[in-house]
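**Q** Quick mapping for you: the protein sequence lines, in order, are chains A and B. In terms of our numbering, the first sequence opens at residue 1 and continues consecutively. In terms of our numbering, the second sequence opens at residue 229 and continues consecutively.
Hint data in this document are derived by calculation from the structure and do not stem from the laboratory. Keep in mind the model is a prediction, meaning the values are calculated, not measured. Any given hint could be a false lead.
For lysine to any residue, the following SDA-like pairs were computed, each having C-alpha atoms within a straight-line distance of at most 20 Å [said to hold, decoys possible]:
id, chain 1, residue 1, chain 2, residue 2
1, A, Lys130, A, Gly207
2, A, Lys55, A, Leu126
3, B, Lys405, A, Gln75
4, B, Lys314, A, Arg222
5, B, Lys405, B, Ile302
6, B, Lys314, B, Glu473
7, B, Lys346, B, Gly281
8, B, Lys314, A, Glu226
9, B, Lys314, A, Asp227
10, B, Lys314, A, Leu216
11, B, Lys405, A, Val212
12, B, Lys405, A, Leu211
13, B, Lys405, A, Ala204
14, B, Lys314, A, Leu225
15, B, Lys314, A, Phe219
16, A, Lys26, A, Gln75
17, B, Lys405, A, Ser198
18, B, Lys405, A, Glu189
19, B, Lys405, A, Gly60
20, B, Lys405, A, Ile110
21, B, Lys405, A, Leu181
22, B, Lys405, A, Trp200
23, A, Lys26, A, Ile110
24, B, Lys405, A, Gly207
25, B, Lys314, A, Gly52
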Amino acid sequence: MSQPGGVLGDALLVARKDLLLERRAKIGIGQVLPFAILVLLLFAFALDPDRGILKLATPGLFWVTVLFSAVLTLQRSFALEAEDGILEALRLSGMSPAGIYLGKVTALTIELLLLEAVLVLGVAVLYDTKFLGIPLLFAIALLATLGIAGAGAVYGALAARLRSRETLLPLLLLPLLAPVLIAATRGCEVSLEREAMSGWPWAALLGIFALVYLTLGSFLFRPLLEDA
Amino acid sequence: MTTTKIQSASTVSPAPTGTGSRGTKVLGGFALVFLAIAVVYGLFISPPDAQLGNTIRIIYMHVPTVMAAYLAFIITAVSSGMYLWKRTEFWDLLGSSAAEIGVLFFAVTIVDGALWGKVTWGVFWRWEPRLTTSAVLLIMYIGYLAVRAIPADPRTRATRCAIIGIVAIVNVPIVHKAVDWWRGLHQGKTVLGTIDPEMGGTQLFAMYSSLIAGLLVCVWLLIHRFRAGFLAERASDLGLDQALEERRLESSPATGEDA
Numbered sequence: 001m002s003q004p005g006g007v008l009g010d011a012l013l014v015a016r017k018d019l020l021l022e023r024r025a026k027i028g029i030g031q032v033l034p035f036a037i038l039v040l041l042l043f044a045f046a047l048d049p050d051r052g053i054l055k056l057a058t059p060g061l062f063w064v065t066v067l068f069s070a071v072l073t074l075q076r077s078f079a080l081e082a083e084d085g086i087l088e089a090l091r092l093s094g095m096s097p098a099g100i101y102l103g104k105v106t107a108l109t110i111e112l113l114l115l116e117a118v119l120v121l122g123v124a125v126l127y128d129t130k131f132l133g134i135p136l137l138f139a140i141a142l143l144a145t146l147g148i149a150g151a152g153a154v155y156g157a158l159a160a161r162l163r164s165r166e167t168l169l170p171l172l173l174l175p176l177l178a179p180v181l182i183a184a185t186r187g188c189e190v191s192l193e194r195e196a197m198s199g200w201p202w203a204a205l206l207g208i209f210a211l212v213y214l215t216l217g218s219f220l221f222r223p224l225l226e227d228a
Numbered sequence: 229m230t231t232t233k234i235q236s237a238s239t240v241s242p243a244p245t246g247t248g249s250r251g252t253k254v255l256g257g258f259a260l261v262f263l264a265i266a267v268v269y270g271l272f273i274s275p276p277d278a279q280l281g282n283t284i285r286i287i288y289m290h291v292p293t294v295m296a297a298y299l300a301f302i303i304t305a306v307s308s309g310m311y312l313w314k315r316t317e318f319w320d321l322l323g324s325s326a327a328e329i330g331v332l333f334f335a336v337t338i339v340d341g342a343l344w345g346k347v348t349w350g351v352f353w354r355w356e357p358r359l360t361t362s363a364v365l366l367i368m369y370i371g372y373l374a375v376r377a378i379p380a381d382p383r384t385r386a387t388r389c390a391i392i393g394i395v396a397i398v399n400v401p402i403v404h405k406a407v408d409w410w411r412g413l414h415q416g417k418t419v420l421g422t423i424d425p426e427m428g429g430t431q432l433f434a435m436y437s438s439l440i441a442g443l444l445v446c447v448w449l450l451i452h453r454f455r456a457g458f459l460a461e462r463a464s465d466l467g468l469d470q471a472l473e474e475r476r477l478e479s480s481p482a483t484g485e486d487a
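Between the sequences and the hints, there should be enough to build the whole structure, so can you do that?
**A** See below:
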């Protein structure tokens, strides 16, 4: 079925295509990133920065911002495929569905990690956050983003061809990502040393979530491409 | 295509006109009997609990509704998997019917859980692991029903729903673990939703009769919902056949004249 490159070759091909498109269209940098920074500002307006609430809630606000931005990034990523019957073309291309799925996930993960890197700077400047426990922070960011992209790609592809996709995708995806929000927020709080408990169990939970959804997505992408 | 034609052709002559049958009537009768027993024992005969007082009577309702909801969601998950494997209308209809019943029972569970909370804790809502997991789960399945409601080709719609049914159930233990740890830092578990092993005779009887009543009502509703869904599909097939027939009748004299 698949080309000589196999699943990984297909994944790299799709990921390269998506990243190239993003580099040329600059939707992430031009629209999603400014939106994310805007959300950081809005949180500051809603929660008075002088009373310390903002500082206390920083990890949670950061991850909520990431989730909202992820929804936009996903919508963009799959709107590309839904136009002009490209999903059908992908299906007929002979590439393995798992390869296409993993390619989309790879591109999404890279885009979201870059967005998070800029947001971390934004949080450091706007909310005056000091970062400690850097290895844990890195592990949590990577695993949480993989989980978001892994689960998001399944629902992104599912919603892509629906007319009500803009309203449906957040309704489907955000409850699914509730454990990611909880684990990433708590893990970050530990790494910012607000909680005495070690943060690695949270990283492990994020890892399990990512692993489960990457496996599930690799299997479900075939019926998703063929019928949904 | 051929299967739908065969099915629609076979249902045209002896088409079932309702969702009831001898079996469902018997099942419904049993459900009513157990409901009556549960009401009499749960509200009147059984004594108040040593610790929970009269609020235990809410738990007689809470446990059956949550059990029925979980049963329905498990049926949805199994049907979703079976649909992706077998691709038959049966599994699609069973899965979506069960999801609807599950959402209904889950909404009731959350409401009676919140009422119990108001009496016991003084507040309707506490970020207790089970309540929180239930809220997240309810919204996930509302998403399932939202996708189900979008008109589409039956195979497409069934595949979408099956994928959501599988993805959602896999998330249940992860959500529960996350919420458990999250709240575990602040408070211990509560007894809401568990059967106390030290429960006395009439209390235990009230609990089990209401549990049986809840599960019977769930199965009874599920069978009716499944049959209603099946009839709806046949009706839409019939509508399509009629429309095709009308177009054919319109075109046949016209082709003669215009040609």
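**Q** Now look at each hint and say whether the structure bears it out.
**A** Against the structure, the hints come out as follows:
1. Lys130(A) to Gly207(A): 25 Å, violated
2. Lys55(A) to Leu126(A): Roughly 10 Å separates the two Cα atoms, so the pair holds.
3. Lys405(B) to Gln75(A): Roughly 29 Å between the alpha carbons, so the hint for Lys405(B) and Gln75(A) is violated.
4. Lys314(B) to Arg222(A): Roughly 15 Å separates the two Cα atoms, so the pair holds.
5. Lys405(B) to Ile302(B): 18 Å, holds
6. Lys314(B) to Glu473(B): 31 Å, violated
7. Lys346(B) to Gly281(B): 14 Å, holds
8. Lys314(B) to Glu226(A): 15 Å, holds
9. Lys314(B) to Asp227(A): 14 Å, holds
10. Lys314(B) to Leu216(A): 18 Å, holds
11. Lys405(B) to Val212(A): Holds. Lys405(B) to Val212(A) sits at ~14 Å (cutoff 20 Å).
12. Lys405(B) to Leu211(A): Given that 20 Å is the threshold and the Cα spacing comes to 16 Å, the pair holds.
13. Lys405(B) to Ala204(A): Measuring from Cα to Cα gives roughly 12 Å; hence the hint holds.
14. Lys314(B) to Leu225(A): 17 Å, holds
15. Lys314(B) to Phe219(A): Holds: Lys314(B) and Phe219(A) sit about 16 Å apart, inside 20 Å.
16. Lys26(A) to Gln75(A): 15 Å, holds
17. Lys405(B) to Ser198(A): Given pair Lys405(B), Ser198(A) holds - Cα atoms ~17 Å apart, limit 20 Å.
18. Lys405(B) to Glu189(A): 18 Å, holds
19. Lys405(B) to Gly60(A): 18 Å, holds
20. Lys405(B) to Ile110(A): 28 Å, violated
21. Lys405(B) to Leu181(A): Holds, because 13 Å separates the two Cα atoms, which is no more than 20 Å.
22. Lys405(B) to Trp200(A): Between Lys405(B) and Trp200(A) the Cα gap is close to 15 Å, so the pair holds against 20 Å.
23. Lys26(A) to Ile110(A): This hinted pair holds, its Cα atoms lying about 14 Å apart.
24. Lys405(B) to Gly207(A): Given pair Lys405(B), Gly207(A) holds - Cα atoms ~13 Å apart, limit 20 Å.
25. Lys314(B) to Gly52(A): The given pair, whose Cα atoms are some 57 Å apart, is violated under the 20 Å limit.
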